[in-house]
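Colleague: One letter stands for each residue in the lines below.
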Amino acid sequence: MEVDRVQGKVFEEAPGFPTQYGPDRSDRQPGSPLVPHETYRDLVSIFLLLAMSFFLTAWIVPSLETPRNPAQTPFIVPDWYVLFSYGLLKLAEILPEPDVPGVLGLPAFRLTAGFWGFFLTNIPLIILVVLPFVDRGRENRPAKSPFRSAFGVSFLFVWMFFASMYSVNNLILEKWPVIADDNVLKAFFFGPPFLSFVAAYVGLRRLGYSPMYWYRVVPLMAAFLITAGHSAYILATIGAHPQWGWIAGFLGILTAATLAPAVASAYLPEKAALRATVLSSAFLSLLGVLLWLTFWYYSPGPAYATEVVIVPNMHTVLALPVFSIITGYVGLRRPYSTYEYLLNECYQCGKCHTVCPVTKVEDDALGGLNLVYNSFKKEHDGVPLWTCLACDACSAVCPLDIQYSDYILEERAKVMGQSAVDGGEKR
Amino acid sequence: MTLRQSLWNLFREANRTLFGWVKDRFPTAPWADMTRKLIETDQRQVPRSHAEKYELKTIWYWYPLYCLGGISFVAFILLTITGIVLGFYYVPDGRVSYLSTGKLTNPAYDSMIYIMNSVPFGFVVRGLHHWSAHIMIAAVFLHMCRVYFTGAYKKPRELNWIIGVLLLFLTLGFGYTGYLLPANNLSDGAATIGINMAKSVPYVGDLQAQLVFGGTDISTTNYVLRMYWWHVFILPFISVGLMLLHMALVWLQGVAEPH
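Chains as they are written, first to last, in numbering that gives the first Met the number 0: chain A, 0 to 426; chain B, 0 to 258.
Hint data in this document are derived by calculation from the structure and do not stem from the laboratory. The model shown is predicted, which means the values in this text are computed figures rather than measured ones. Virtual Cβ for every residue (Gly too), placed ideally from N, Cα, C. Mixed in with the good hints, there may be bad ones.
[Stated by the list, open to error] Selected chain B positions facing chain A (in silico; Cβ < 7 angstroms):
1. 127
2. 144
3. 148
Turn these sequences into a full structure, and let the hints guide you.
Modeller: Written as structure tokens, this is what we have:
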């Protein structure tokens with residue numbers, strides 16, 4: 000049987016020192032030889048690194064700048080990898096600087112912004128050190144533990160990026176004076192990490208084929224309500240202004256871009272909802288861009304709508320539509336290929352083969368017909384795929400909870416050019 | 000006995016006389032045999048990974064990310080070699096003096112100019128040291144991300160994860176101390192931030208600044224000498240030990256794959 004053939008190739012008792020030595024030994028473990036396969040593969044990485052270093056050296060010679068002058072105010076531009084710390088040091092201005100009285104004969108001291116910067120810099124270190132003692136779950140695949148993966152995306156990538164970006168807040172405000180508000184940049188510490196966390200969580204749940212409905216609808220609805228409320232607030236605040244119509248039109252389009260995914264994911268079947276989300280958001284984005292270009296072309300003088308309305312409020316009115324479109328898409332798309340990804344958890348214990356009722360009545364029950372294994376390997380030549388009863392007995396005994404009959408239905412639907420989940424709707 | 004045989008015997012006698020004395024005192028044969036046995040065990044062939052063992056198809060896209068730890072180690076070796084070469088010429092003295100033209104300078108900065116302009120291939124060696132450092136830090140960070148997203152820090156690999164986190168911060172320390180060595184205006188900026196952050200911790204602040212930077216005031220402190228000491232002795236000493244431990248644990252525990 001196939002399982003035996005595979006098990007025959009595997010030495011579960013390895014590693015450890017074998018009993019035979021020399022080139023003729025028979026207990027060699029199957030795998031790639033160290034020489035030349037593994038060595039050459041490593042050499043590729045090493046030469047790639049060397050090539051990159053030499054190329055960069057030839058291309059950009061590191062500058063020497065001017066010699067240090069302690070009398071001058073220093074010019075502070077840290078390297079990119081410590082920018083996050085500098086950004087946190089600048090953010091520490093928002094924290095209080097209390098005077099702490101001395102106790103037990105110790106002198107009094109003041110917690111300054113420098114201390115808070117030091118303190119905040121050490122928080123990532125502490126998070127990383129305690130991580131293995133906090134996350135004690137079994138799952139190690141990204142799609143199987145969406146909370147951890149989404150936290151990684153939002154913390155390691157998005158939060159670190161915006162913390163680094165905030166370290167050059169003075170340069171940003173100087174280069175784009177239209178922002179002219181440090182609070183907009185401070186909001187990037189909290190908004191994008193949170194939104195990317197939610198989007199990644201929804202997308203990874205979808206990738207892992209977990210139940211989805213409320214995880215999709217609630218954040219999309221919330222994004223719509225916040226965008227609509229904030230747009231109404233902006234329109235009420237600016238009052239009667241010659242450009243009121245343009246601003247109302249643009250904010251209306253942004254609100255519609257958040258409304259479409261929310262309504263579609265709540266009321267339509269998945270496939271139709273995906274189509275509605277993608278098409279409507281593409282249409283609305285195009286319309287918005289055209290409207291804004293028209294506005295810029297015809298409006299005289301400085302663009303009041305851009306400078307006073309959109310840019311100071313972009314953390315809501317621009318981030319949330321983008322969030323809605325991305326979340327709607329990743330939460331609704333059909334990740335067909337991930338069935339194989341989920342099936343890969345199989346370690347071929349053979350329980351499914353034992354309980355499968357089809358193999359009991361087929362002629363080659365004792366021989367080659369292992370339904371699960373053969374269709375998983377795509378070596379089924381059509382037979383196991385269509386003889387399967389989808390009785391779910393295999394999923395019931397599977398120690399890893401692999402939903403094999405879902406996979407069978409999906410494969411059949413693919414073959415027929417139809418979708419199984421949407422009740423046989425034509426593609 | 001032919002001439003050839005007698006020559007051969009002479010050679011053998013000479014060999015025994017010359018090398019036998021060493022061989023009696025430092026026997027290499029048992030060690031060579033042990034090494035041969037070690038090489039001819041199953042480590043000769045790299046054991047198959049989980050994915051290869053069970054013929055899995057769809058997690059191949061993780062595989063390029065598994066070379067990032069090795070890339071950071073190779074970058075570290077390259078940094079060591081180029082760092083030794085730079086150490087021949089670099090002068091770790093950041094004390095400011097005035098030239099006859101009235102311009103400022105310091106010995107560290109002068110030695111950097113000497114490396115860049117006068118030492119043969121000096122600018123290449125410094126460029127390699129500079130860019131390999133950036134590559135190493137990026138590779139270490141991405142390696143940490145790979146370990147995070149594949150859940151490779153879980154039991155029984157917690158200790159190795161903590162060692163890895165320490166190595167990440169030590170690598171950042173290498174970068175920071177190296178950034179301060181040229182004793183230019185950027186070094187002064189980074190040193191100001193560092194000294195101020197170190198000083199602002201209650202009670203231990205001044206001691207900490209004294210220990211790490213060699214002083215609590217940027218204008219009077221020769222922080223370059225202290226940074227050189229961190230950069231070429233203390234940090235490499237700790238890092239090499241932790242790296243060996245890190246890789247030994249990977250060797251003993253096996254590579255963690257996303258199953």
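Colleague: Indicate, hint by hint, whether the structure satisfies it.
Modeller: Quick rundown of the hints versus the structure:
1. 127: holds, 5 angstroms
2. 144: With Cβ-Cβ at 6 angstroms, under 7 angstroms, it holds.
3. 148: holds, 5 angstroms
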